[in-house]
Amino acid sequence: MNIDYLFFFLLAFLSVITAIVVISNKNPIASAMALVFNFFILAAIYLTLNAQFIAIIQILVYAGAIMVLFVFVIMLLNLENEEKLKDPLNTRKIFRIVLALSMIFLIIYLFYFIDIGLHKTISESSIKIGTVEQIGYQLFTNYLLPFEITSILILAAIIGAIVLAKKRFP
Amino acid sequence: MLTVPLNYYLALSAILFSIGVIGVLTRRNAIIVFMSIELMLNSVNLTLVAFSSFLGDSTGQVFVFFVMAVAAAEAAVGLSIIIALFRNKVTVNIDEINLMRW
Numbered sequence: 014m015n016i017d018y019l020f021f022f023l024l025a026f027l028s029v030i031t032a033i034v035v036i037s038n039k040n041p042i043a044s045a046m047a048l049v050f051n052f053f054i055l056a057a058i059y060l061t062l063n064a065q066f067i068a069i070i071q072i073l074v075y076a077g078a079i080m081v082l083f084v085f086v087i088m089l090l091n092l093e094n095e096e097k098l099k100d101p102l103n104t105r106k107i108f109r110i111v112l113a114l115s116m117i118f119l120i121i122y123l124f125y126f127i128d129i130g131l132h133k134t135i136s137e138s139s140i141k142i143g144t145v146e147q148i149g150y151q152l153f154t155n156y157l158l159p160f161e162i163t164s165i166l167i168l169a170a171i172i173g174a175i176v177l178a179k180k181r182f183p
Numbered sequence: 005m006l007t008v009p010l011n012y013y014l015a016l017s018a019i020l021f022s023i024g025v026i027g028v029l030t031r032r033n034a035i036i037v038f039m040s041i042e043l044m045l046n047s048v049n050l051t052l053v054a055f056s057s058f059l060g061d062s063t064g065q066v067f068v069f070f071v072m073a074v075a076a077a078e079a080a081v082g083l084s085i086i087i088a089l090f091r092n093k094v095t096v097n098i099d100e101i102n103l104m105r106w
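So the sequence lines, in the order shown, correspond to chains A and B.
Going by the numbering used here, the first sequence opens with residue 14, and the numbers climb by one from there.
Going by the numbering used here, the second sequence opens with residue 5, and the numbers climb by one from there.
Check before you lean on any hint, since a few could be wrong.
[Said to hold, decoys possible] Estimated spans, in silico, between C-beta atoms of each pair:
#1 A:LEU89 <-> B:ASN102: 21 to 29 Å
#2 B:ALA88 <-> A:ILE72: 47 to 55 Å
#3 A:ALA43 <-> B:ILE101: 33 to 41 Å
#4 A:VAL176 <-> B:ILE101: 33 to 41 Å
#5 A:THR104 <-> B:THR63: 21 to 29 Å
#6 A:ILE30 <-> B:VAL94: 30 to 38 Å
#7 B:VAL48 <-> A:VAL145: 38 to 46 Å
#8 A:VAL29 <-> B:ALA88: 31 to 39 Å
[Unchecked claim] Calculated pairs, DSS-like style, for lysine-lysine (alpha carbon to alpha carbon, straight line, at most 27 Å):
#9 A:LYS39 <-> A:LYS106
#10 B:LYS93 <-> A:LYS179
#11 A:LYS141 <-> B:LYS93
#12 B:LYS93 <-> A:LYS106
#13 B:LYS93 <-> A:LYS180
These are calculated hints, taken from the structure and not from any lab test.
Using N, Cα and C, we set each Cβ at its ideal position, and we do this for glycine too.
Construct the entire structure; sequences and hints are all you get.
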């Protein structure tokens, strides 16, 4: 057994476990903490793929900004009556779980048995393309218009969030 | 040189995506549903980064950057919608929020 496989399976196991904790825990704060762990483990998986910039951005944006927002909202809402949110295991729920599990097996079957091509190992140029320099070069030359449109999207999201969360809805 | 093949990363991404789907379909807490959506976005990001690294093309990682920007905007707007709903109905149970159901 190669050390790369060992490392990958450890990270994959941890990420799946934390994802299951996110969707199965009764306490929303515990779910949020498990989600933070999941984001950190995904950042480590990005590092094994030589994507350094994406790994750092994952920690900054997801584990930093988005999760602070989540925890802030959970504490702001002060959810007391968790009993009303409980859902007994009825036939509809079982049907949904079976549907999702059949989807997972279909996707894994497709990915595992389809011949993806010659890319059995990671590309040798992947060390170069994951750097801040290369991603920044791509962003400001080939993808400049999407980058500028993203700023308009974020401006619209800021205004929308303020308007929606204001005390008196206009 | 890394020896874990591309199929393993894609299978892990599929598993994480399906866990997110199960969370969206079974949980009734709107905030947990939102977290499950973030899980699904992350699994798609993992697919994009894996293909980008294995093909030696940086377009996938640029796309992941845009997905993260959209996810941040979506989280801000969605959580403010949850706050507005909680102010009106004092619940985050998505079964009781049926204002637009026909």
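To see whether the hints hold, each was checked on the structure:
no. : hint                              : verdict
1   : A:LEU89 <-> B:ASN102: 21 to 29 Å  : 24 Å, holds
2   : B:ALA88 <-> A:ILE72: 47 to 55 Å   : 30 Å, violated
3   : A:ALA43 <-> B:ILE101: 33 to 41 Å  : 23 Å, violated
4   : A:VAL176 <-> B:ILE101: 33 to 41 Å : 20 Å, violated
5   : A:THR104 <-> B:THR63: 21 to 29 Å  : 45 Å, violated
6   : A:ILE30 <-> B:VAL94: 30 to 38 Å   : 34 Å, holds
7   : B:VAL48 <-> A:VAL145: 38 to 46 Å  : 22 Å, violated
8   : A:VAL29 <-> B:ALA88: 31 to 39 Å   : 34 Å, holds
9   : A:LYS39 <-> A:LYS106              : 16 Å, holds
10  : B:LYS93 <-> A:LYS179              : 16 Å, holds
11  : A:LYS141 <-> B:LYS93              : 52 Å, violated
12  : B:LYS93 <-> A:LYS106              : 25 Å, holds
13  : B:LYS93 <-> A:LYS180              : 14 Å, holds
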